[in-house]
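Please construct the entire structure, taking both the sequences and the accompanying hints into account.
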Amino acid sequence: MLGKLLFRYLKPYRWQLAGVLVFQFAAALASLYLPTLNGDIIDRGVATGDTGYIWSTGVLMLVISLGQITASVIATYFAARAAMQAGRDIRNDVFEKVSAFSEREVTHFGAGSLITRNTNDVTQVQMLAMMGATMLVSAPLLAIGGIIMALRQDLGLSWIIAVVVPVLLLLVGIIISRMVPLFRTFQTRLDAVNRIMREQLTGIRVVRAFVREPIEEKRFGAANTDIMDVGRRVGSLFVLLFPLAMLVLNITVVGVIWFGGIRVDNGDIEIGTLFAFMQYIGLILGGVLMASFMTIMIPRAAVSAERVSAVLASDTTLVRPSEPVTEFPTPGTVEFRDAGFIYPGAEKGVLGGISFAAERGETVAIVGSTGAGKTTLVSLIPRLFDVTSGSVLVGGVDVRHVELDLLWTGIGLVPQRPFLFTGTVASNLRFGREDATDDELWRALEIAQGRDFVEEMDGQLEARIAQGGTNVSGGQRQRLAIARAIVHRPAILVFDDSFSALDLTTDARLRQALWRELPEVTKIVVAQRVSTITDADRIVVLDDGAMVGIGTHDELLLSSDTYREIVESQLGMETRA
0 MLGKLLFRYL KPYRWQLAGV LVFQFAAALA SLYLPTLNGD IIDRGVATGD TGYIWSTGVL
60 MLVISLGQIT ASVIATYFAA RAAMQAGRDI RNDVFEKVSA FSEREVTHFG AGSLITRNTN
120 DVTQVQMLAM MGATMLVSAP LLAIGGIIMA LRQDLGLSWI IAVVVPVLLL LVGIIISRMV
180 PLFRTFQTRL DAVNRIMREQ LTGIRVVRAF VREPIEEKRF GAANTDIMDV GRRVGSLFVL
240 LFPLAMLVLN ITVVGVIWFG GIRVDNGDIE IGTLFAFMQY IGLILGGVLM ASFMTIMIPR
300 AAVSAERVSA VLASDTTLVR PSEPVTEFPT PGTVEFRDAG FIYPGAEKGV LGGISFAAER
360 GETVAIVGST GAGKTTLVSL IPRLFDVTSG SVLVGGVDVR HVELDLLWTG IGLVPQRPFL
420 FTGTVASNLR FGREDATDDE LWRALEIAQG RDFVEEMDGQ LEARIAQGGT NVSGGQRQRL
480 AIARAIVHRP AILVFDDSFS ALDLTTDARL RQALWRELPE VTKIVVAQRV STITDADRIV
540 VLDDGAMVGI GTHDELLLSS DTYREIVESQ LGMETRA
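Take 0 as the starting number for the sequence shown in numbering that gives the first Met the number 0 and just add one per residue.
Don't read these hints as lab results, they were simulated from the structure. Here the structure is a predicted model, which means the values were calculated and not measured. Backbone N, C-alpha and C fix where the C-beta goes; we use that ideal spot for every residue, glycine too. Be aware that one or more of the hints could be misleading.
Think about it this way: if two alpha-carbon atoms lie no more than 20 angstroms apart in a straight line, the pair counts; the simulated SDA-like pairs of lysine to any residue are [said to hold, decoys possible]:
id, residue 1, residue 2
1, K3, I297
2, K96, T369
3, K96, L1
4, K96, R80
5, K3, V21
6, K96, R7
7, K96, W407
8, K217, Q199
9, K217, D228
10, K3, G131
11, K3, V179
12, K10, L311
13, K96, M293
14, K10, G86
15, K3, M293
16, K96, D560
17, K3, V72
18, K3, G66
19, K10, P414
20, K96, V310
21, K96, T75
22, K10, T75
23, K217, V179
24, K347, I297
25, K347, T369
26, K217, L240
27, K347, V310
Here are the simulated distance ranges between beta carbons [claimed, not checked]:
id, residue 1, residue 2, range
28, E358, T325, 19 to 29 angstroms
29, F237, L65, 49 to 59 angstroms
30, L503, G230, 49 to 59 angstroms
31, E358, R508, 24 to 34 angstroms
32, R508, S313, 39 to 49 angstroms
33, L503, G467, 23 to 33 angstroms
34, R359, R13, 50 to 60 angstroms
35, R151, L20, 22 to 32 angstroms
36, L65, N91, 35 to 45 angstroms
37, W158, S313, 33 to 43 angstroms
38, G220, W257, 14 to 24 angstroms
So, in structure tokens, the structure goes:
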């Protein structure tokens with residue numbers, strides 16, 4: 000999975016990676032040549048007292064060292080550039096994929112996990128790409144090249160290499176094999192920390208209202224301790240690797256000096272050759288250690304690549320039609336034909352057998368007890384979910400056959416919990432339509448009964464809005480969300496309990512303005528308050544996912560026991576069938 004992901008996203012930058020190979024190869028050759036020159040200085044210069052040879056060879060070594068540094072810097076630049084661009088591309092693709100997800104996929108992965116996958120997980124893959132392009136190229140060159148050059152210096156000491164390298168590889172393999180499952184657990188624990196932190200920040204008011212701070216602190220502390228425990232175990236293995244490697248290296252150096260000294264004393268090799276051999280041993284073990292460092296990064300990056308690839312490979316239920324309808328035969332109409340919906344894995348459907356229609360310009364209200372399926376029902380109109388049975392038609396066409404951009408352009412949705420983005424009042428309203436003029440924004444605010452409080456804000460249309468709209472009240476947030484939907488100029492407006500935070504007077508004025516100023520717009524209204532929908536053209540009554548009544552307010556008072564109970568509970572009316 001990791002290899003496929005890296006190949007896919009590094010392929011466009013293959014010329015930069017080719018530059019990495021060329022310059023890393025040059026740097027490795029320079030590194031491998033320097034010990035030989037050092038040995039020659041000792042044997043031919045120091046031992047014979049040839050100062051000229053020492054100076055000329057020393058200058059050559061200096062030039063080669065500068066070339067090595069230059070080649071390494073250029074190779075690192077190319078590697079970093081290719082890796083950062085690949086990371087950018089992965090994040091863009093993950094973001095676009097998640098943006099196309101329906102509520103079902105977002106719920107499946109979890110918002111916190113999706114954020115982690117597009118930040119921390121992509122960073123792990125990105126860092127591996129950068130380090131791998133440098134270390135994974137230079138490490139084998141230094142290790143293999145060092146072995147060849149060491150053997151050229153003296154075959155009599157080659158048995159030391161044959162013993163040391165397998166021992167070091169065995170130690171590294173044992174440690175890495177224990178790290179792989181820990182890295183997978185670490186990412187899962189990181190998801191848990193992000194999820195709990197997100198829940199506590201989003202629900203801070205609820206936490207404080209129920210005095211749950213100590214309990215939530217313990218909950219976060221437990222998740223934080225879990226990730227600490229895993230990180231500590233990973234760190235313990237990590238810090239164990241390098242002391243063991245240094246132990247092997249030092250024992251090797253002692254062995255080379257001991258047995259090499261015997262060979263020097265016997266006249267089999269010269270002292271300069273012994274020093275060169277020791278340096279090549281250092282290069283060999285350094286290459287193995289670099290490869291070991293990369294193998295530590297690989298398991299964690301592999302886990303991250305699996306998580307990122309799972310998002311990229313997920314198919315959204317919002318499948319775009321192969322031959323989409325690009326024009327509505329009857330704009331502004333909404334029709335449910337025996338529509339039903341069941342959540343994945345649920346034993347019972349949320350909705351079933353829903354059939355009704357809304358003509359252009361009509362107002363259709365949807366009422367019912369909590370859990371009746373009202374929000375799920377209106378979510379089927381803009382395809383936040385797809386029906387599992389029956390069909391939903393907008394503009395005379397099944398929504399599954401309409402180009403998604405066309406569908407969403409024709410619908411203005413005001414969700415149950417309106418969300419405002421960081422910016423200004425104007426930028427939030429223009430989220431509905433970027434080319435809207437200031438006059439259009441003020442008109443939308445006036446219809447939504449939000450002009451008065453916006454005029455009182457410092458900067459008016461340019462007044463700052465905090466993330467999530469936390470610096471305005473719930474009622475103001477709802478009115479700004481309604482104004483945003485109006486600016487969108489849709490043929491259909493869907494209000495999912497969007498008047499709940501408004502007082503009765505503001506609610507009445509807002510509805511009157513909507514009916515008066517937008518007579519051609521079809522309005523689908525989910526409401527808890529009966530007073531909000533008494534003047535609707537039709538009222539759909541839901542009970543436990545089924546439609547148990549449809550008609551006007553007066554008709555339902557006579558024909559629907561469920562509706563009558565709702566009215567009586569809210570208005571205290573005594574009605575007779």
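Here's how the hints hold up against the structure:
Note on K3 and I297: the hinted pairing holds, with a Cα-Cα distance of about 14 angstroms set against a maximum of 20 angstroms. At most 20 angstroms may separate the alpha-carbon atoms for a hinted pair to count; K96 and T369 exceed this at roughly 33 angstroms. A hinted pair counts as satisfied when its Cα atoms are at most 20 angstroms apart, and K96 with L1 qualifies at roughly 19 angstroms. At most 20 angstroms may separate the alpha-carbon atoms for a hinted pair to count; K96 and R80 exceed this at roughly 24 angstroms.
Simply put, K3 and V21 have alpha-carbon atoms about 24 angstroms apart, too far for the 20 angstroms limit, and the pair is violated. Straight-line distance between C-alpha atoms of K96 and R7 comes to about 16 angstroms, which keeps the hinted pair within the 20 angstroms bound. With a C-alpha separation of about 17 angstroms, the suggested pair K96 and W407 falls inside the 20 angstroms cut-off, and the hint holds. For a cut-off of 20 angstroms, the pair hint linking K217 to Q199 stands: about 12 angstroms separates their Cα positions.
Restraint check: the Cα-Cα separation between K217 and D228 comes to about 16 angstroms, which is no more than 20 angstroms; the hinted pair holds. Proximity of K3 to G131 is assessed by CA-CA distance (about 15 angstroms); at most 20 angstroms being required, the pair is judged to hold. As the CA atoms of K3 and V179 are separated by approximately 19 angstroms, the hinted pair is consistent with the 20 angstroms bound. Simply put, K10 and L311 have alpha-carbon atoms about 17 angstroms apart, close enough for the 20 angstroms limit, and the pair holds.
As the CA atoms of K96 and M293 are separated by approximately 30 angstroms, the hinted pair breaks the 20 angstroms bound. The hinted pair formed by K10 and G86 meets the criterion: a straight-line CA distance of about 13 angstroms does not exceed 20 angstroms. For the proposed pair K3 and M293, the alpha carbon gap of about 18 angstroms is at most 20 angstroms, so the pair holds. Under the criterion of a C-alpha separation no larger than 20 angstroms, the hint pairing K96 with D560 is inconsistent with the structure, at around 46 angstroms.
Distance check on the hinted pair: K3 and V72 sit about 28 angstroms apart at the alpha-carbon level, beyond 20 angstroms; violated. Distance hint between K3 and G66 is unfulfilled; the C-alpha atoms sit about 34 angstroms from each other, more than 20 angstroms. Among the hinted pairs, K10 with P414 is inconsistent with the structure: their alpha-carbon atoms are about 42 angstroms apart, more than 20 angstroms. With a C-alpha separation of about 7 angstroms, the suggested pair K96 and V310 falls inside the 20 angstroms cut-off, and the hint holds.
This hinted pair does not check out: K96 and T75 have alpha carbons roughly 31 angstroms apart, beyond 20 angstroms. Distance restraint check for K10 and T75: the Cα-Cα separation of roughly 18 angstroms lies within the 20 angstroms cut-off, and the hinted pair is therefore satisfied. Note on K217 and V179: the hinted pairing is violated, with a Cα-Cα distance of about 29 angstroms set against a maximum of 20 angstroms. The straight-line distance between the Cα atoms of K347 and I297 is roughly 44 angstroms, outside the 20 angstroms bound, and the hint therefore fails.
This hinted pair checks out: K347 and T369 have alpha carbons roughly 17 angstroms apart, not beyond 20 angstroms. At most 20 angstroms may separate the alpha-carbon atoms for a hinted pair to count; K217 and L240 exceed this at roughly 34 angstroms. The suggested pairing of K347 with V310 is violated, with an alpha-carbon distance near 28 angstroms, which exceeds 20 angstroms. Checked against the given bound of 19 to 29 angstroms, the beta carbons of E358 and T325, roughly 23 angstroms apart, stay inside it.
Distance hint check for F237 and L65: the Cβ-Cβ separation is about 34 angstroms, which falls outside the suggested range of 49 to 59 angstroms. At about 55 angstroms, the beta-carbon gap between L503 and G230 stays in the expected band of 49 to 59 angstroms. For E358 and R508, the hinted distance range of 24 to 34 angstroms is satisfied, since their beta carbons lie about 25 angstroms from each other. A hinted range of 39 to 49 angstroms for the beta carbons of R508 and S313 is consistent with their spacing of about 45 angstroms.
Between L503 and G467 the CB atoms are about 27 angstroms apart, so this pair conforms to the stated range of 23 to 33 angstroms. At about 55 angstroms, the CB distance of R359 to R13 agrees with the hint of 50 to 60 angstroms. Between R151 and L20 the beta carbons are some 24 angstroms apart, a value that agrees with the proposed interval 22 to 32 angstroms. Distance hint check for L65 and N91: the Cβ-Cβ separation is about 39 angstroms, which falls inside the suggested range of 35 to 45 angstroms.
Between W158 and S313 the beta carbon distance is about 54 angstroms. The supplied range of 33 to 43 angstroms is therefore violated. Hint check: G220 to W257, Cβ distance near 54 angstroms, so the stated range 14 to 24 angstroms is violated.
Violated hints, in rising order: 2, 4, 5, 13, 16, 17, 18, 19, 21, 23, 24, 26, 27, 29, 37 and 38; the structure is consistent with all others.
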